[in-house]
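Student: If you read the protein sequences in the order shown, they are chains L and H. Numbering of the first sequence is given in my numbering, commencing with residue 161 and proceeding in unit increments. Numbering of the second sequence is given in my numbering, commencing with residue 56 and proceeding in unit increments.
The set of hints was computed from the structure by calculation and includes no laboratory data. Note that the structure is a prediction, hence the values are computed from the model and not measured. Glycine included, C-beta positions come from ideal geometry on N, C-alpha and C. A couple of the hints might just be wrong.
[Stated by the list, open to error] Among the chain L residues that face chain H by a calculated CB cut under 10 angstroms, a handful are:
{"hint": "1", "residue": "V331"}
{"hint": "2", "residue": "V334"}
{"hint": "3", "residue": "Y406"}
{"hint": "4", "residue": "D462"}
{"hint": "5", "residue": "K488"}
{"hint": "6", "residue": "D494"}
{"hint": "7", "residue": "R538"}
{"hint": "8", "residue": "M544"}
{"hint": "9", "residue": "R548"}
{"hint": "10", "residue": "Q549"}
{"hint": "11", "residue": "E550"}
{"hint": "12", "residue": "N609"}
[As the list claims (entries may be wrong)] If we take Cβ atoms under 7 angstroms as the criterion, some of the chain L residues that face chain H in the derived model are:
{"hint": "13", "residue": "L184"}
{"hint": "14", "residue": "T185"}
{"hint": "15", "residue": "W193"}
{"hint": "16", "residue": "Y391"}
{"hint": "17", "residue": "L392"}
{"hint": "18", "residue": "V393"}
{"hint": "19", "residue": "N394"}
{"hint": "20", "residue": "C395"}
{"hint": "21", "residue": "S402"}
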Amino acid sequence: MELPNMEYMMRRRCDSADQEKNELTQTPLLKIWVPWLGMGCCKPNRRRGSSVPQFTNSPTLIVMVGLPARGKTYISKKLTRYLNWIGVPTKVFNLGQYRREVQSYKSFEFFRPDNEEAMQIRKACASNALKDVVIYFSKEHGQVAVFDATNTTRERRVSIVSFAKEKGYKVFFVESICDDPDIIAQNIADVKVSSPDYLNCDKEEALADFLKRIECYKQTYVPLDDEKDRYLVNCVRDHIQSRIVYYLMNIHVTPRSIYLSRHGESNMNLLGRIGGDSGLSPRGHKYATALGTFIKSQHIKDLKVWTSHMKRTIQTAEHLGIPYEQWKALNEIDAGVCEEMTYEEIQDNHPEEFALRDQDKYRYRYPKGESYEDLVHRLEPVIMELERQENVLVVCHQAVMRCLLAYLLDKTSDELPYLKCPLHTALKLTPVAYGCKVEHVFLNIEAVNTHRERPGNVDVSRDPEEALKTIPDHF
Amino acid sequence: PPTLPKFLWCLSCLSPASVPQFTNSPTLIVMVGLPARGKTYISKKLTRYLNWIGVPTKVFNLGQYRREVQSYKSFEFFRPDNEEAMQIRKACASNALKDVVIYFSKEHGQVAVFDATNTTRERRVSIVSFAKEKGYKVFFVESICDDPDIIAQNIADVKVSSPDYLNCDKEEALADFLKRIECYKQTYVPLDDEKDRRLSYIKIFNVGSRYLVNCVRDHIQSRIVYYLMNIHVTPRSIYLSRHGESNMNLLGRIGGDSGLSPRGHKYATALGTFIKSQHIKDLKVWTSHMKRTIQTAEHLGIPYEQWKALNEIDAGVCEEMTYEEIQDNHPEEFALRDQDKYRYRYPKGESYEDLVHRLEPVIMELERQENVLVVCHQAVMRCLLAYLLDKTSDELPYLKCPLHTALKLTPVAYGCKVEHVFLNIEAVNTHRERPGNVDVSRDPEEALKTIPDHF
Chain L
161 MELPNMEYMM RRRCDSADQE KNELTQTPLL KIWVPWLGMG CCKPNRRRGS SVPQFTNSPT
221 LIVMVGLPAR GKTYISKKLT RYLNWIGVPT KVFNLGQYRR EVQSYKSFEF FRPDNEEAMQ
281 IRKACASNAL KDVVIYFSKE HGQVAVFDAT NTTRERRVSI VSFAKEKGYK VFFVESICDD
341 PDIIAQNIAD VKVSSPDYLN CDKEEALADF LKRIECYKQT YVPLDDEKDR YLVNCVRDHI
401 QSRIVYYLMN IHVTPRSIYL SRHGESNMNL LGRIGGDSGL SPRGHKYATA LGTFIKSQHI
461 KDLKVWTSHM KRTIQTAEHL GIPYEQWKAL NEIDAGVCEE MTYEEIQDNH PEEFALRDQD
521 KYRYRYPKGE SYEDLVHRLE PVIMELERQE NVLVVCHQAV MRCLLAYLLD KTSDELPYLK
581 CPLHTALKLT PVAYGCKVEH VFLNIEAVNT HRERPGNVDV SRDPEEALKT IPDHF
Chain H
56 PPTLPKFLWC LSCLSPASVP QFTNSPTLIV MVGLPARGKT YISKKLTRYL NWIGVPTKVF
116 NLGQYRREVQ SYKSFEFFRP DNEEAMQIRK ACASNALKDV VIYFSKEHGQ VAVFDATNTT
176 RERRVSIVSF AKEKGYKVFF VESICDDPDI IAQNIADVKV SSPDYLNCDK EEALADFLKR
236 IECYKQTYVP LDDEKDRRLS YIKIFNVGSR YLVNCVRDHI QSRIVYYLMN IHVTPRSIYL
296 SRHGESNMNL LGRIGGDSGL SPRGHKYATA LGTFIKSQHI KDLKVWTSHM KRTIQTAEHL
356 GIPYEQWKAL NEIDAGVCEE MTYEEIQDNH PEEFALRDQD KYRYRYPKGE SYEDLVHRLE
416 PVIMELERQE NVLVVCHQAV MRCLLAYLLD KTSDELPYLK CPLHTALKLT PVAYGCKVEH
476 VFLNIEAVNT HRERPGNVDV SRDPEEALKT IPDHF
């Protein structure tokens with residue numbers, strides 16, 4: 161074997177100073193390796209090197225199709241929430257809102273197919289909505305737009321397809337078909353009767369009018385396909401469409417609750433240290449017992465319990481007396497070189513990293529560790545399974561819980577890393593209408609605070625005191 | 056105790072896998088469709104995928120059962136009025152289902168794929184009641200195709216060379232097979248929208264241009280549907296390569312995030328030349344987030360995408376150590392790893408099993424794509440190769456993936472053709488075979504017997 165030049169190898173170790181061609185440098189925030197372009201040339205390029213490749217090139221226009229009260233807005237909002245959470249900028253364009261801005265609602269007569277004046281207004285609204293879609297894609301970095309309207313005539317759909325073709329957008333139709341009168345009645349009761357259109361009506365009046373509204377549409381409705389109670393998937397053209405189909409096939413509307421809780425207070429928590437794999441403190445054990453009591457009192461049908469692979473969540477679940485499943489994907493964010501340090505130690509040893517994290521807590525990746533953005537991608541299969549399941553209790557960790565909560569409550573990536581998820585507090589989330597009802601249950605066992613707010617000064621050149629201003633107390 | 060010590064988990068069969076085990080009742084997947092509609096192709100591919108993600112799955116191909124009891128003469132065997140043959144065929148189906156029962160009850164199988172035409176309602180009804188009686192879930196996969204070109208291609212690819220036509224020339228085989236299809240057509244009743252609305256199934260039209268999905272009942276069915284909707288049969292090639300030799304490789308150290316050695320840079324250039332010479336249409340290039348794969352890709356002069364999921368296996372506390380240092384500092388861990396290299400997890404690190412789960416989205420996207428070059432790492436490449444070549448979890452951690460060798464994989468018939476391309480740039484060997492003695496009490500020399508040379 162030929163011996164390479166040992167000296168060369170020694171020199172190679174300090175390659176950060178090397179400006180040879182093909183040398184790489186690591187972006188400070190995202191820790192992405194990019195070609196060295198000379199000092200001061202290195203801009204952290206957000207699009208390049210995120211956890212998963214950016215699969216979307218042409219923007220995608222999702223076009224909802226269906227009679228009123230078929231769940232189009234429900235699907236639009238939920239799908240948008242999911243896509244935004246996994247990092248695909250998505251926005252809903254609801255035609256009803258455009259209409260309400262130009263015309264206050266009087267009665268179903270507006271929707272009669274022979275109402276020419278109204279038809280002009282409705283066409284103008286659709287046109288405005290699509291103009292806003294163009295702005296969203298071209299000026300606001302949108303990737304997916306969901307056009308939430310009935311789109312029940314072939315004529316309307318044809319005009320949308322040619323609009324999209326002209327602009328270079330991909331089109332994907334999502335049609336919701338339902339002929340079960342109970343489901344429709346439920347939808348109307350849940351979200352229609354309380355709509356801005358019926359502000360001054362009583363429930364009976366609203367219901368009667370809305371049913372006549374549906375009849376107006378039925379007269380001219382041409383479905384994309386005649387199938388019922390199934391999914392017909394045609395020509396899925398790319399990655400994002402395939403993910404959308406998978407998501408839509410996994411969601412359901414069966415009533416259920418999702419319980420989120422962190423592990424009980426751990427020994428690391430007491431010492432103000434992050435990460436690691438320590439066991440529960442005495443108070444943590446007390447919480448676990450209290451959580452078990454609380455869960456029993458809820459009389460939850462067929463509760464599934466999930467934990468991470470880390471000792472503290474498993475010890476917590478053990479007190480519940482219910483079988484639980486361990487998910488490695490639920491493990492706490494990996495703090496890399498900062499694992500098991502206190503914030504004071506991080507400030508001492510890695511002041512620059514500490515400041516970068518405060519600058520962009522969502523995207524910042526610990527050296528040899530993870531970012532919140534990485535965590536979201538790691539958690540996507542958990543979210544997908546959570547959608548498939550019914551009653552679930554997830555026993556997890558602070559950063560993980562923030563990610564799950566952000567998905568369930570539609571929080572932005574800016575808000576996500578600062579969501580409050582205190583120890584010893586269980587959250588009960590129940591889907592209702594288009595969102596989620598949240599109940600906080602503090603189980604009356606004291607614990608340390610582990611929430612660190614963003615300090616005022618996030619500059620790399622700040623003093624240690626400014627960096628440590630917001631750290632929570634510990635032993 | 057709340058948590059068992061890690062090494063006990065490793066040795067016990069109940070060790071928690073990376074993801075919860077979602078299957079309780081076994082699932083019987085029932086293929087439906089005329090001959091030459093891709094049923095066996097789908098059966099084998101789906102089985103390969105499910106086994107790779109850790110769901111024990113097996114194909115039960117009715118044709119094989121038939122061939123064992125009856126040597127094939129002609130299409131007349133399949134005539135619907137051939138009573139004698141019909142008895143034989145029913146007996147074969149019955150034997151296949153008996154074997155399914157054994158697979159589920161005695162061999163820890165989770166999913167069985169019943170690969171047969173199952174074109175009559177009567178046959179399907181009897182399968183559904185068999186499954187109901189045993190407590191198995193049933194999921195139908197029907198392949199419908201009326202494009203004569205596709206069918207002709209299928210016949211040419213896999214039928215003409217089937218054991219049934221060993222002594223026939225191509226023309227004879229084709230003519231006979233077409234008559235065989237006609238026999239089935241007479242009694243074929245596809246799954247019905249109305250009558251079968253309570254069954255769980257997916258209908259695949261014309262090799263995936265359109266799907267009809269009905270009543271997906273659980274997690275595994277949902278994963279199966281997702282997989283089936285992402286695969287395609289467009290010809291393409293997948294290129295796998297490790298990064299060029301790295302400085303860590305030279306020193307015999309594992310993990311880390313070092314740059315390429317001079318020979319590694321040479322390989323990257325050679326790889327670029329090789330790729331250009333292949334004149335590949337619309338090649339996608341994927342790397343990990345680690346410096347060495349990115350430096351390699353930089354030499355190719357093609358845009359590349361970075362996947363964190365392609366990062367090398369995390370060796371936890373053993374990161375950047377040599378094998379000698381691992382033996383010195385963690386002799387017990389070193390031995391445990393040799394005992395079960397697939398499931399063993401480094402302290403604060405990962406196992407091959409974890410890696411497979413991490414790579415599942417990569418595999419899914421690989422299925423969707425066409426020509427792709429993946430520049431990755433030894434353990435990662437072993438996982439991807441095991442998926443593509445249907446290797447077991449025992450073989451996977453010992454697959455040979457040497458540095459400076461590109462692999463070109465081209466799907467052909469029911470499998471994958473592999474071409475190894477050594478680009479003539481020397482590199483250290485990083486492959487460590489399983490030593491003879493894997494006992495925790497072994498001597499250091501026995502542990503270090505198989506480590507490759509380094510500086």
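Student: All hints, please: hold or fail.
Tutor: Here is how each hint holds up against the structure:
no., hint, in the structure
1, V331, "violated (16 angstroms)"
2, V334, "violated (14 angstroms)"
3, Y406, "holds (5 angstroms)"
4, D462, "violated (13 angstroms)"
5, K488, "holds (4 angstroms)"
6, D494, "holds (9 angstroms)"
7, R538, "holds (9 angstroms)"
8, M544, "holds (8 angstroms)"
9, R548, "holds (6 angstroms)"
10, Q549, "holds (9 angstroms)"
11, E550, "violated (12 angstroms)"
12, N609, "violated (25 angstroms)"
13, L184, "holds (6 angstroms)"
14, T185, "violated (10 angstroms)"
15, W193, "holds (5 angstroms)"
16, Y391, "holds (4 angstroms)"
17, L392, "holds (5 angstroms)"
18, V393, "holds (4 angstroms)"
19, N394, "holds (5 angstroms)"
20, C395, "holds (6 angstroms)"
21, S402, "holds (6 angstroms)"
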